[in-house]
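Based on the sequences and whatever the hints tell you, model everything.
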Amino acid sequence: MEIKKTSLNKLHQSNNAKFVEFAGYEMPIQYSKGIIEEHKFTRSHSGIFDVSHMGQLFIYGDESLTEELEKIFPLDLKNLKQNCSKYSFLMNEDAGIYDDLIITKIEKGYLIILNAACKDKDFEILSNLLGTKFKMNLDNNRSLIAIQGPKSVEILNSIITGVDQLNFMSGNWFDSDNKKLFVTRSGYTGEDGFEISISNDKAEKFVENLIEKGAQLIGLGARDTLRLEAGLCLYGHELDINKTPVEANLKWAISKSRLSNGDFIGSKKIMNQMNDGASQIRVGIKPEGRLIAREKTKIFDDADRQIGEITSGTFGPSVNGPIAMGYINKEYSKVDTKILLEVRGKKHPAIVCGLPFYKKSYVKGVN
Amino acid sequence: MSEVKFSKEHEWITVEGDVATIGITKHATEMLGDIVFAELPEKGSNVDKDGSAGVVESTKAASDVYTPVSGEVVDTNQAIVDDPAKINEDPEGSAWFFKLKLKDSSEMDSLMNKEEYDKFAKENAS
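So the protein sequences, as listed, match chains A and B.
Quick note: the first sequence, position 162, residue 162 per the working numbering, numbers continuous.
Quick note: the second sequence, position 43, residue 410 per the working numbering, numbers continuous.
Just so you know, these hints were derived from the structure itself, not from any lab.
Ideal Cβ positions, reconstructed from N, Cα and C, are used throughout, including at glycine.
Certain hints may be false.
Partial list, computed: chain B residues near chain A (C-beta under 10 Å) [claimed, not checked]: (1) Asp-401; (2) Phe-404; (3) Ala-405; (4) Glu-409; (5) Val-422; (6) Ser-425; (7) Thr-426; (8) Lys-427; (9) Pro-451; (10) Asn-455.
In structure tokens:
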């Protein structure tokens, strides 16, 4: 299959991007400054991320759409205000996660942002569940640009006036250059920032404009170190079809009001696990010294019993040390529990720690 | 000091008397990206030509460091373990990895000179 390219591919090339294949797309892993510089620039200034490979699913319908979506997602969508967003999951009957996503209530419908590697399958699953009653569009004509970091609000507001009035996890339509943009205040770095849905033909010029105002392009490499420091899950690593939201320590994302009736897909398993606890749970892990424990590193207790496995591990440039996340047996999941990580045949000490590794600075009280 | 020689695994080596100093090339560091972890062989241990003699890790991945010649490890560079970013800054100078007492100096003969290595690195650049 031919590799897909986003509408910013040429701009990545002219900015000396190193490319990798990701979910069938040619995507920039880094630019000439490298992952650590890009990571730090995002934390101190403003980084631009091309996330156009992700799915933008628009679903339009009457009031029955909200009811139908509540049978799928563990959210109180009836009470979700227009232009507000929620983090959620598409699950099977056993509460195994097909994908994690952000759903935003828009006029006459919903916008759902899906992972690139999952979007086609998600569309198929949702089409089967929703039938033909609603208009569904997995929109390939729009790019998705994230701008993240403390200077982002100032930079973006100088181009799209009014985005500074958005609260975290909310969005709105804006007009720019005679085109409709949908902007949400959200992100995947632990920083204040925005995601902008923009038509493909306007994307390159828009990003050039952001660069002119002082933001810089950031690759997927730094996106990964930023999200890991922020304690955020990456589908295919922390989350997959064999993990549930309770095991992933994401029960905060399940609306309490939906737990009493158990009328969404996967609710039985979720309610059981909420009552009895899950046998394994996602935790933060801090290796001692500088040792990096990568994905699939086995976790042991001091009696040499395997008690878990790492799902992501790298060096955190802002915490200036190695960081990891993984799944561990419940009895070892308490913060400060001493564990051992097997790297290159040797066991190395580490401790279980709270998440995030790097404290978030989201904007909540604008209006 | 001898001419600098290079291996296909992107190590450089210089020899003074019967002691070789080994590190990784600038080209290797450019391919690896930001190095955040280094593990070196133990002093006093013996390493064999083309065998693993350490590890470097970037933010993305771990890579083995191989020794281009056999010998006994007589010194290691603790400075790059304490601050692995030094490897990106000065890979072919102060950020050497380890020193070996050569077992068989004829092992040097199969290694590349600078011109040969530059050509090799260019052809193998990804």
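Taking the numbered hints from earlier one at a time, note which ones the structure violates and give those numbers from smallest to largest.
-> Going through the list in order, the structure violates hint 4 alone and respects the others.
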